[in-house]
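Line by line, the protein sequences give chains A and B.
First residue of the first sequence: 1, per the working numbering; consecutive thereafter.
First residue of the second sequence: 1001, per the working numbering; consecutive thereafter.
Just so you know, the hints here were simulated from the structure itself, not pulled from any lab data.
Wrong hints could be hidden among the right ones.
[Claimed, not checked] Each computed BS3-like pair below joins lysine-lysine, with the alpha-carbon atoms no more than 25 angstroms apart:
| no. | chain 1 | residue 1 | chain 2 | residue 2 |
| --- | --- | --- | --- | --- |
| 1 | B | K1210 | A | K391 |
| 2 | B | K1096 | B | K1210 |
| 3 | A | K96 | B | K1391 |
| 4 | A | K210 | A | K96 |
| 5 | B | K1210 | A | K96 |
| 6 | A | K210 | B | K1391 |
| 7 | B | K1391 | A | K92 |
| 8 | A | K391 | B | K1092 |
Protein chains: 2
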Amino acid sequence: MKSTGVSSNLLTHGCQSRLQPGQSFLRSLPRDWQGIPRDFPPQQTGSTVQSSSQNVSVALGDRSYDILIESGCLPRLATIVEPWGVRFGQGKPSRKAAIISDSNVRYAADIAARSLREAGWACEVIELEPGEPTKRQEVISSIYDRLVAMQADRRTIVIAVGGGVIGDAAGFAAATYNRGLPFVQCPSTLLADVDSSVGGKVGINHPQAKNLIGAFHQPLGVVIDTDLLKTLPDREYRAGLAEVVKYGVILDAEFFTWMESHIAELNARDPQALQHAIARSCRLKADVVEHDEYERTGLRAVLNYGHTFGHAFEALSGYGELLHGEGVAIGMVYASRLAEALGRIDASMTRRQVELLQALHLPTRLPAHLNWPTTEVIGRMRLDKKSEAGKLRFVLPTRMGHVELVDGVDEALVARILNS
Amino acid sequence: MKSTGVSSNLLTHGCQSRLQPGQSFLRSLPRDWQGIPRDFPPQQTGSTVQSSSQNVSVALGDRSYDILIESGCLPRLATIVEPWGVRFGQGKPSRKAAIISDSNVRYAADIAARSLREAGWACEVIELEPGEPTKRQEVISSIYDRLVAMQADRRTIVIAVGGGVIGDAAGFAAATYNRGLPFVQCPSTLLADVDSSVGGKVGINHPQAKNLIGAFHQPLGVVIDTDLLKTLPDREYRAGLAEVVKYGVILDAEFFTWMESHIAELNARDPQALQHAIARSCRLKADVVEHDEYERTGLRAVLNYGHTFGHAFEALSGYGELLHGEGVAIGMVYASRLAEALGRIDASMTRRQVELLQALHLPTRLPAHLNWPTTEVIGRMRLDKKSEAGKLRFVLPTRMGHVELVDGVDEALVARILNS
Chain A
1 MKSTGVSSNL
11 LTHGCQSRLQ
21 PGQSFLRSLP
31 RDWQGIPRDF
41 PPQQTGSTVQ
51 SSSQNVSVAL
61 GDRSYDILIE
71 SGCLPRLATI
81 VEPWGVRFGQ
91 GKPSRKAAII
101 SDSNVRYAAD
111 IAARSLREAG
121 WACEVIELEP
131 GEPTKRQEVI
141 SSIYDRLVAM
151 QADRRTIVIA
161 VGGGVIGDAA
171 GFAAATYNRG
181 LPFVQCPSTL
191 LADVDSSVGG
201 KVGINHPQAK
211 NLIGAFHQPL
221 GVVIDTDLLK
231 TLPDREYRAG
241 LAEVVKYGVI
251 LDAEFFTWME
261 SHIAELNARD
271 PQALQHAIAR
281 SCRLKADVVE
291 HDEYERTGLR
301 AVLNYGHTFG
311 HAFEALSGYG
321 ELLHGEGVAI
331 GMVYASRLAE
341 ALGRIDASMT
351 RRQVELLQAL
361 HLPTRLPAHL
371 NWPTTEVIGR
381 MRLDKKSEAG
391 KLRFVLPTRM
401 GHVELVDGVD
411 EALVARILNS
Chain B
1001 MKSTGVSSNL
1011 LTHGCQSRLQ
1021 PGQSFLRSLP
1031 RDWQGIPRDF
1041 PPQQTGSTVQ
1051 SSSQNVSVAL
1061 GDRSYDILIE
1071 SGCLPRLATI
1081 VEPWGVRFGQ
1091 GKPSRKAAII
1101 SDSNVRYAAD
1111 IAARSLREAG
1121 WACEVIELEP
1131 GEPTKRQEVI
1141 SSIYDRLVAM
1151 QADRRTIVIA
1161 VGGGVIGDAA
1171 GFAAATYNRG
1181 LPFVQCPSTL
1191 LADVDSSVGG
1201 KVGINHPQAK
1211 NLIGAFHQPL
1221 GVVIDTDLLK
1231 TLPDREYRAG
1241 LAEVVKYGVI
1251 LDAEFFTWME
1261 SHIAELNARD
1271 PQALQHAIAR
1281 SCRLKADVVE
1291 HDEYERTGLR
1301 AVLNYGHTFG
1311 HAFEALSGYG
1321 ELLHGEGVAI
1331 GMVYASRLAE
1341 ALGRIDASMT
1351 RRQVELLQAL
1361 HLPTRLPAHL
1371 NWPTTEVIGR
1381 MRLDKKSEAG
1391 KLRFVLPTRM
1401 GHVELVDGVD
1411 EALVARILNS
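Construct the complete structure from the given sequences, taking the supplied hints into account.
Quick look at the structure:
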């Protein structure tokens, strides 16, 4: 494993002099926060070194952890996780694990289990149903029962092998069993690689709201074996790419340009291109999370670019008609058009996004049959977590690689964009 | 409100030079940890200033909070909580609260609600059943439903008004709703004042184990109105005193001596004596929690003096025959006798504890009808959370105000103590 330019903590460069240890430089900003600082994130120095393995360090004090990105690393999971367990146990190793997975990626869970067992671990695989309904209380209770039955103690590691649903459910069980078991993520989808594996959000759904019950529970570490993406269905793979594009738009113009010049490689799931796309996305998300771990300053909201529109589209189509990433792809284009109408960007900024998304075979407008009344879409948007007291708020670009949080957008203008 | 000698962070005096910011000086110790450092906690300088209000600061980085101890402060709850809410909201105040309580102390919940409503807050009271069975998943789900119905958002404060059960259940709901709502404790029992209000442990029971499902969720602040103790049943009050005695034995010889010379005041629930006993207990527990927030270094285990015996007695008598504090009182005497038998202390050290506990009308040995076979008691002890791989571990005194964690105690010796 070799550290690359990607893995350095970029943020400390620009802000070191102003920061107290452990203090966020954005802590004092949220009240009238309108955008991330112009120099966020600081540019990388030097070119990106490609290697067979990359490591992204998420710096969160004593909750810091590493994300390893490597083709074919899952079969040696035990050697990766062992030092993390020793660190957690303050010298005493962990030797017991509960692998939580679903039937779609059971083969991967078995690879992980074999690695651990061969290294002498006691290890059980808990297989859940694939799909969103798994994120409910009864399933969490069944995980607790299994953990009790295997006599899990405070050093038993919960290992999620799967997509976002498995990570969220397993992570929530880990967060709440014995006041927090150590937790390792082995994401199996591109979306989970670049989104849910960074930031520690875990949770389940309440009958009335998605992800309402949950916690912040940072993992001990994340192991991304890019080989797992080889079997990912095409539509899911592309939906993950939408989030990768998002990181370029909101935080890194250079990364966006890199994607524009690596379309063929991304479409072909080229291992080197994938590794870079994932590592850079994780690094960018980590930069944000490191400065707003608990979503308090408003900075973490930048990650929701395209999501105010996208969530409304997803919800109205009943979750399933549109994948999350597809909703985000379409939502980014609408948000960009809104920024255009507000005079924040010119048309070329939207055009570049549309062209990149289309080249990656992602939708850039709603299918013709999804033609809800404008008032219904806007009503849904008011329920968005970012909205306050029913007023619409949007994350909008001002230039490639930079976004701002914009309050009090005229609803008539939003309606015009929706109808355009 | 006036700060007293009690409220200064005593620990920083002794260790400042060795500590990095955010680093625990005990972080490296747990592997062969045998006892707390000889200078822990550092002695107070100067005498304790008595005032009408005391404040104990719990220093946990950005999770730091204050414990206010004052007779009759609940009716002005709004003025106390308001600045905490502003700090949490980074300038934006909280104006919505869910007060969670039970029928035993509903009058106190109503006092709290009145204060908030008069200050313009939207506020609901959620009344739960009193008693341990409230700490179950179905009750937590019903709290979630109430929070959804009142449209709780991220700044809605959950306020627990009650004893340990209410604090644990309300705190767990707060920890897991919307990935963590701000939480305020208003404990109504002496045990909750000196134990569960410090340290952030919240949780519920699993059918097979107490407190198995839970989290660390530090409160925004704790408001201890000592007037609530006026209506506390005598037996519960005394059970709380057992934990106060424990703090003296494990951490503060001077405090133990103070109790010996204030028996009449403690038995009469004298407000000044109570305030001092609570503030000193909270300060001592805070000193420990500040250095082992997540129970990893082993330091926090010192708080379990008397608990290895005590928990076994409680469990065998079926929870209810013995109150927790009564089990601890008896357990401390057995643990002290064990330390004597091991040559760690002389008989006077046990005698002082027995005499103080008896003067406070607490039991110092098991009632005659609770005569379980020794093997059964030892079997229970092996299930203790402190035990590792089935070996007995005890927190044992070496002198007044100092304890050590002792491994590998001969079971025959434990049996002899149990039969003595």
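Can you confirm whether the C-alpha distance between K1391 of chain B and K92 of chain A stays at or below 25 angstroms? Roughly 16 angstroms separates the two Cα atoms, so the pair holds.
Sort out whether K96 of chain A lies within 25 angstroms of K210 of chain A, counting only the CA atoms. violated (32 angstroms)
Satisfaction of hint between K1092 of chain B and K391 of chain A, Cα-Cα up to 25 angstroms: holds (16 angstroms)
Does K1210 of chain B lie within 25 angstroms of K1096 of chain B when you go C-alpha to C-alpha? violated (32 angstroms)
Between the alpha carbons of K1210 of chain B and K391 of chain A, is the straight-line distance 25 angstroms or under? violated (44 angstroms)
For the pair supplied as a hint, K210 of chain A and K1391 of chain B, confirm whether the alpha-carbon distance does not exceed 25 angstroms. violated (45 angstroms)
25 angstroms Cα cutoff - pair K1210 of chain B, K96 of chain A: holds (22 angstroms)
Given hint K1391 of chain B paired with K96 of chain A - CA-CA distance at most 25 angstroms: holds (19 angstroms)
The structure fails to meet hints 1, 2, 4, 6 from the earlier list, while all remaining hints are met.
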